[in-house]
Amino acid sequence: MPGVDVQRVLGIETSCDETAAAVVDGGTTIVSSVVSSQVDLHARYGGVVPELAGRAHVELLTPVLADALAAAGSDASGRGIDAVAVTYGPGLMGSLLVGVAEAKALSMAWGVPFVGVNHLEAHLFASLLEQPDLGWPLVVLLVSGGHTLLVEVTAPGTYRLLGGTIDDAAGEAFDKVARFLGLGYPGGPAIDRVAEDGDPAAFAFPRSLLGKGYDFSFSGLKTAVVNEVRKHPEARTEDVAASFRRAVVDVLVSKARAAAADVGARAICLAGGVAANSLLRSEIVAACEADGIGAFVPSRALCTDNAAMVAAAGWWRLANSGASPLTLGADPNLELVPTHSPDLS
Amino acid sequence: MSAPATVAARTAGADATRALAGALAACCRPGDVVLLAGDLGAGKTTFAQGFAAALGVAQRVTSPTFTLVHTYPCGGGAVATLLHADVYRLDDLAEVVDLGLAEMVDAGAVALVEWGDVAAPVLGEGALTVTLAVPPGGGEDDRVVEVSAPAVGPLAGPGPNGAWQDRWPSVATALAPWRTGVPGEDPGEDGADPVEVHR
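The listed protein sequences correspond, in order, to chains A and B.
Each residue of the first sequence is one higher than the one before, starting from 155 at the first, in my numbering.
Each residue of the second sequence is one higher than the one before, starting from 2 at the first, in my numbering.
These are computed hints drawn from the structure, not numbers from a lab.
Treat the hints loosely; a few may be bogus.
[Unchecked claim] Stretches of chain A that chain B covers, calculated by requiring three or more beta carbons in the stretch to come under 8 Å of a beta carbon on chain B:
#1 242-250
#2 293-301
#3 316-327
[Unchecked claim] If you want a taste of the chain B side facing chain A, the calculated C-beta under 10 Å gives, among others:
#4 L41
#5 G44
#6 T46
#7 Q60
#8 R61
#9 S64
#10 T66
#11 T68
#12 L69
#13 V70
#14 Y73
#15 P74
#16 R90
#17 L100
#18 G101
#19 V135
The beta-carbon is built from N, C-alpha and C at its ideal position, and this holds for glycine as well.
Between the sequences and the hints, there should be enough to build the whole structure, so can you do that?
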């Protein structure tokens with residue numbers, strides 16, 4: 155399929171919790187980016203906006219799209235928009251369908267190309283939006299509520315999966331431990347805050363699979379925290395949170411660092427919502443400095459789900475492999491690379 | 002209407018919990034819904050891994066907490082698809098309905114739903130309930146497991162997939178290696194072995 159050169163791409167993201175739309179110019183310049191949790195929908199619609207279901211995306215997508223287009227100097231006519239990119243997987247079927255159907259409809263109505271984007275690949279493009287001159291190869295640690303992946307990027311669009319979680323994602327462990335400790339939702343920021351006043355050495359929580367390849371396991375750590383708190387109800391929440399955060403970050407940093415050395419990476423990039431964790435950010439930067447390689451930590455707005463990264467990945471996909479057929483359907487189980495690569499160790 | 006049928010069991014370690022889950026999965030038919038209940042750290046992920054492996058799922062079974070539903074192709078057996086769902090993050094039952102699990106199960110899948118006891122009002126009709134708990138005393142990885150069939154009797158008639166109670170003897174046999182006999186609760190109004198179906 156021949157490449158398609160375009161300037162302005164409208165990106166649409168509805169794979170999970172966030173409904174998002176963005177316009178990106180030339181694959182790297184964000185013209186507008188709107189995420190539903192930032193929009194004052196309460197005022198516009200009144201009442202409670204449902205959070206998770208596909209139906210919520212139906213209700214949110216129209217105002218989010220209108221805002222993103224208006225902020226880019228466009229409107230419902232699609233004036234100045236050269237292509238439409240959308241996340242078509244992985245994610246929840248009902249949610250993905252909302253975005254895919256909308257993107258196809260706009261593509262046909264405006265007479266511009268349509269391109270489907272892998273949500274995980276989009277996260278890898280988030281770094282390029284802020285740092286277009288990243289060197290290759292890169293190791294990307296993608297850590298969010300739903301995913302924990304270590305990926306080698308040899309060039310834009312060329313990936314090798316080094317490892318992933320065998321049970322819970324890192325962000326999920328943060329949320330569940332936070333809820334267990336009564337710290338509220340979302341758990342990552344809550345634990346981050348409380349952990350600052352705690353002793354990270356108070357509890358020796360397990361570092362599962364440390365030194366054993368590039369897969370991760372956080373389910374046992376979560377259970378260990380629950381067991382420890384039941385055994386020691388007098389334990390300070392700050393100490394439990396600090397010890398837990400330390401255990402997660404130790405594993406993430408150790409494996410990312412080993413992977414970078416293994417593949418000769420020029421830098422480590424963080425992606426995903428957990429990349430907002432302050433200890434993870436500082437430890438990755440310190441480890442990369444010590445190893446003489448680059449570290450790149452995108453801003454929080456680009457770490458979490460957004461549509462700018464979808465537009466950027468879509469722009470790249472269009473330029474390199476052309477438009478997607480309008481027969482492309484949502485794929486809830488889409489993987490970054492078709493098969494799980496064996497561990498390098 | 003008959004009383005619910007229950008098997009009480011105990012597993013010593015995660016491998017035994019996986020084995021028990023696998024034995025139960027082998028009793029499932031397309032269209033079944035299994036609700037998984039238990040506190041944080043009770044072993045729901047471990048159970049799901051054993052359950053999926055027994056259905057021939059080759060992929061890694063990871064937590065569906067954030068993504069809500071994972072769909073796995075099964076290998077070769079009567080069950081073609083495993084739906085692994087988690088309703089932990091859903092705040093109201095309307096959201097559970099919106100997931101469309103009921104429609105997907107009607108299409109011939111088996112659904113395993115974590116925190117399913119919460120969703121029982123919308124998913125529970127005809128569903129099997131598995132409750133995992135950490136027993137007081139014993140090893141850290143020991144678990145007590147209670148498997149209960151819904152109270153569907155001759156008057157209510159079997160569900161579209163056949164009532165669990167009609168399959169109960171084979172379920173009891175499959176779980177026999179881990180059975181502890183009488184569950185913690187009152188086994189029934191006449192005190193009979195809780196494994197037997199009350200008619």
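- Could you check if T46(B) really has its C-beta closer than 10 Å to a C-beta on chain A? Nearest chain A Cβ about 5 Å off; hint holds.
- Query: Counting residues of the stretch 316-327 of chain A that have a beta-carbon nearer than 8 Å to any beta-carbon of chain B, does the count reach 3?
  - Reply: Our answer is that it holds, as 8 residues pass the Cβ test (under 8 Å) against chain B, meeting three.
- Query: Does G101(B) pass the interface hint, meaning its C-beta sits closer than 10 Å to a C-beta of chain A?
  - Reply: 6 Å, holds
- Item | chain A contact restraint on R61(B) - CB to CB distance below 10 Å | 6 Å, holds
- Task: May I ask you to test the interface hint for R90(B) with respect to chain A, counting a Cβ-Cβ separation under 10 Å as satisfied?
- Result: 7 Å, holds
- Message: Checking hints one by one. Is V135(B) an interface residue toward chain A, by the C-beta closer than 10 Å rule?
- Response: Holds, because the Cβ-Cβ distance from V135(B) to chain A comes to roughly 8 Å (cut-off 10 Å).
- Message: Interface hint check: P74(B), Cβ to nearest Cβ on chain A, cutoff 10 Å. Holds or violated?
- Response: At about 9 Å, which falls below the 10 Å cut-off, the nearest Cβ of chain A leaves the hint on P74(B) intact, so it holds.
- Message: Checking hints one by one. Is T68(B) an interface residue toward chain A, by the C-beta closer than 10 Å rule?
- Response: Because about 5 Å separates T68(B) from the closest Cβ in chain A, which is inside the 10 Å limit, the hint holds.
- Hold the hint about L100(B) up to the distance rule: shortest CB distance to chain A must be less than 10 Å. 7 Å, holds
- Against chain A, is Y73(B) within 10 Å by beta-carbon distance? It holds, given that the least Cβ distance between Y73(B) and chain A is near 8 Å, below 10 Å.
- Task: Verify the coverage statement for the stretch 293-301 of chain A against chain B, using a C-beta to C-beta distance below 8 Å and requiring 3 or more qualifying residues.
- Result: With 3 residues closer than 8 Å to chain B, the stretch 293-301 of chain A meets the three-residue bar; holds.
- Closest C-beta approach of V70(B) to chain A relative to 10 Å, hint status: 6 Å, holds
Going through the hint list in order, the structure satisfies each hint without exception.
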